[in-house]
Amino acid sequence: MARRKASENGAAAPADSAADEVPKTAGARTEPREVIKVNNANLTELKHALDDALKRILGRPDQFKTIHQHTDVRLALGWAGVFVASGTALYGYKTEFEKSKPIVWFGVVLYIILTSVQTLYAYFIEGSIVYVGKRKTFAKRIETERITVESRTRPSTPTSPPKYEISLSYVRSSNSGKSLLHKGKVNDVRGYNAFFDEDGVLDQDIFEEWIRASVDKATGENN
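If you read the sequence shown in my numbering, its first letter stands for residue 15, the second for the next number, and so on.
Since the hints were made in silico from the structure, they are not lab data.
Where a beta carbon is used, it is the ideal one built from N, C-alpha and C, also for glycine.
Incorrect hints may have been included.
[Said to hold, decoys possible] Per label pair, the in silico range of CB-to-CB distance: (1) Arg155 with Lys51: 41 to 51 Å; (2) Ala99 with Asp213: 41 to 51 Å; (3) Pro176 with Gln77: 24 to 34 Å; (4) Asn189 with Gly141: 27 to 37 Å.
Can you build the whole structure from these sequences, using the hints too?
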């Protein structure tokens, strides 16, 4: 799973080879970045590290404006459950047992409903989505672009290491979404060993190049 030096296709390359020289696309960062290091034997850590890096890349000011809808809904449901549980417990503590039973039962049922809705929302609606963003451009007309990225881990097989898979859905429209200008969907997968070295350090340049190339495919900019 570990690699000596990451190349874009995940194959090991000598430390002084040209594969180490990662080309920079327009808008790519050149200033030093914080080293990201994880336990490369832990697939959850590997996936979370790449998910977070993906969010930072697409959420930059020159890229997309991040939409936090899924996070906001889950937080709202979670906090509502906390307030219901706290209020129910406080009421039950300050009120006689027999008198408090109807309200306590109502609070318990409401708490169960809220936590169930939160779980169902995360599983069926948010699913494997890790990033949603949009941006507007102004030319002869106002165009709105929206991108949604899902990610998952493909487990290892006897012949291949575990892999990081992304699915990008892109829509560009105008007239408040009534006129569809372009729609693209890209699925791409790469082994975790293409991005992390044997010490678990993420090669952020290679990962960013891969993400940008996938976005370009979805938006049609590389056609």
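How the hints compare with the structure:
no., hint, in the structure
1, Arg155 with Lys51: 41 to 51 Å, "46 Å, holds"
2, Ala99 with Asp213: 41 to 51 Å, "44 Å, holds"
3, Pro176 with Gln77: 24 to 34 Å, "28 Å, holds"
4, Asn189 with Gly141: 27 to 37 Å, "29 Å, holds"
Comparing the model with each numbered hint stated earlier shows that all of them hold.
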